[in-house]
Amino acid sequence: MAAQPHGLIATFETTPDLYHAAEQVRDAGYRHWDCITPFPVHGLDKAMGLKRSIVPRISLAGGITGFITGMTLIWWTGEVDYPLIVGGKPMFSPMFAFPVSYELTILFTAFATIIGMLVVNGLPRHYHPVLKYDHIVRGMDDTFFIVIESRDPRFNLANTKALLEKAGGKAITELEP
Amino acid sequence: MSTPAATVSAAAAPAESSGPTVAGKALVIGIVGLVLTALGVLVSGAEKAAMSYLVGITFWTAIAIGMLLLVLIHHIVDASWSVVIRRQFEHGFVAFKWLALLFLPLALTPFLGHGDLVWPWMNADHVIHGGHTVGHDPLYIKKSGFLNTNMFLGVTFVSFLLWMWVSARLRKASFSQDVDGDVKWTYMNRKTAAFGLPIAAFSLTAIAIFWVKSLEYHWFSTMYGVWFFANCVRGALCCGVFIMVWLYRRGDFRGILNPNHWHSIGMLMLAFTVFWAYVTFSQYFLIWNANVPEETFWYNLRELNHDGSTNQWWYVGLVILFGHFFVPFFALLSYRFKVTPHIIRRIALWNLTIILVDMCYNILPALKDSHEDSLPFFSLHLLWVLTSVVGVGGVCVWAYLRSLPTTKLIPIRDPRIGESLTHHE
Chain A
1 MAAQPHGLIA TFETTPDLYH AAEQVRDAGY RHWDCITPFP VHGLDKAMGL KRSIVPRISL
61 AGGITGFITG MTLIWWTGEV DYPLIVGGKP MFSPMFAFPV SYELTILFTA FATIIGMLVV
121 NGLPRHYHPV LKYDHIVRGM DDTFFIVIES RDPRFNLANT KALLEKAGGK AITELEP
Chain B
178 MSTPAATVSA AAAPAESSGP TVAGKALVIG IVGLVLTALG VLVSGAEKAA MSYLVGITFW
238 TAIAIGMLLL VLIHHIVDAS WSVVIRRQFE HGFVAFKWLA LLFLPLALTP FLGHGDLVWP
298 WMNADHVIHG GHTVGHDPLY IKKSGFLNTN MFLGVTFVSF LLWMWVSARL RKASFSQDVD
358 GDVKWTYMNR KTAAFGLPIA AFSLTAIAIF WVKSLEYHWF STMYGVWFFA NCVRGALCCG
418 VFIMVWLYRR GDFRGILNPN HWHSIGMLML AFTVFWAYVT FSQYFLIWNA NVPEETFWYN
478 LRELNHDGST NQWWYVGLVI LFGHFFVPFF ALLSYRFKVT PHIIRRIALW NLTIILVDMC
538 YNILPALKDS HEDSLPFFSL HLLWVLTSVV GVGGVCVWAY LRSLPTTKLI PIRDPRIGES
598 LTHHE
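Heads up: the sequence lines are chains A and B, in that order.
Going by the numbering used here, the first sequence wraps up at 177, each residue one higher than the last.
Going by the numbering used here, the second sequence wraps up at 602, each residue one higher than the last.
Pulled out of the complex, with its shape left as it was, chain A reads as follows (with noise of 0.2 Å):
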């Protein structure tokens, strides 16, 4: 039995065929999927059907988990692990325990929306299938592709590729696994 192929690749020459093209995809129903593109384009998101981004919940998430490890530092050390009276000030305070906190919900927050950026995008990845892939380049210069994958559950070699067709798309080629 030959490998299942990782999946299809359409080629699109102007930004409202690619556009219109993640329209038709998006609407019969296929999830993974993506399109390669030599620059960001405006609107995008909403042709393929994409959600809002997690990423702001994991920031929120980071800066939840800064500002209780800055209150816990202080706590910690100034109450409980070594107490020491300084400038007659209470040995735990959330007032002198802000400037902690506070510093450290941006530091945690940056952090968790970095790696939180980079899990949600699968990176970083040393190798994907497309790279083989002989125009694959041109997706960095004037081309745009439309991959859908096959093992996508809607996905059917023919029916797929007739999709690809019908939506514009042209050197529809299947990508090796």
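No lab work stands behind these hints, which were simulated from the structure alone.
Quick caveat: nothing in here was measured; it's all calculated off a predicted structure.
Listed next, with one range per pair, are the computed distances between beta-carbon atoms: (1) R26(A) <-> E480(B): 57 to 63 Å; (2) H519(B) <-> F39(A): 33 to 39 Å; (3) K51(A) <-> R367(B): 37 to 43 Å; (4) R367(B) <-> D141(A): 33 to 39 Å; (5) R26(A) <-> W491(B): 54 to 60 Å; (6) D359(B) <-> T14(A): 33 to 39 Å; (7) I106(A) <-> H519(B): 28 to 34 Å; (8) W342(B) <-> W76(A): 55 to 61 Å; (9) H291(B) <-> E79(A): 50 to 56 Å; (10) D81(A) <-> R367(B): 53 to 59 Å; (11) T69(A) <-> V199(B): 51 to 57 Å.
We treat Cβ as the ideally placed atom computed from N, Cα and C, and that holds for glycine.
We have chain A already, so just place chain B on it with the hints.
Okay, now just chain B, sitting in the frame of chain A:
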């Protein structure tokens, strides 16, 4: 995606007049508010009425300064997205001359009676805590080169003049560009912004010190001008949201605003919420940490009575802490809240209310009883605060509404109008 060409031709018509009726109503409401405040003099006495009136004037002046700052910042950073809403702030500038006029009664107080109706240091014989007089107070004598009636009146007068001049330049360039589309007006605005920003920064700091901080002239805080700046910009952004929602619902802004405009102004509101909190907390924290009596007394007045019991201002302080930071901060973190007009409008209304409470917190505790305790927040004179906010606000809204129909709704020939109309689309 909206098509800029179609939109611009629709907006090429002058902004629809809201009719003399709406502006007229605002003026009538304003005058009624001012008359009621004047009646407050008879009910609560001149001192309380004047102090309440100072809250109203400061609140609206802060918003007008904030609008000026937003337009100046827009030009200095060559912003694009805010082009479509900039015009509304330019209309807001007309409030300055009316605010100057409305400030006159307060500017006359140094010449009434002993002169210390509002600001105690204006009378050298004013008795201060401990039985001394202002004239014999070393802390006043050291500051008197700056803190005297002539400086107060001069700085106030010059500040209003500068605000009117800078805003007139911005209006002229922006409105002229509508007619001839010449790019030189954009360059003129950029130059105005370059010198207008330091002017605005110095004048608003001076105003914050003279009008508000000097009510307790013993007090020191280098954060004060920045605190005032943060409230200015927050107030202006909230009014901007109000105007955007109003014009959007009326139909003027349909096809012009897209979700990204709401998102952008919402992000600025969030940024300035954090900025306000940073500054206000820093002021409190440094004073708390240093624990120097010349500084702590200002907060003590707002927390405790002379017998050590908690007064109402303590709770007002907590309302400000949670209402002016935590509530808007968490609300504005949400993308959906920022891009849904009726929700962001609610957040704006909430913020404006708390800015008013913040102004009250900074001004009203200067009114004291016989024990030198601050009069409570819920006193009769809070009514005069509300009437003066309505009174001064009515006049400002009337001035804005009168200016609105005189020009195009958006600066149709601004070089960045196309970018602004398709903001992130």
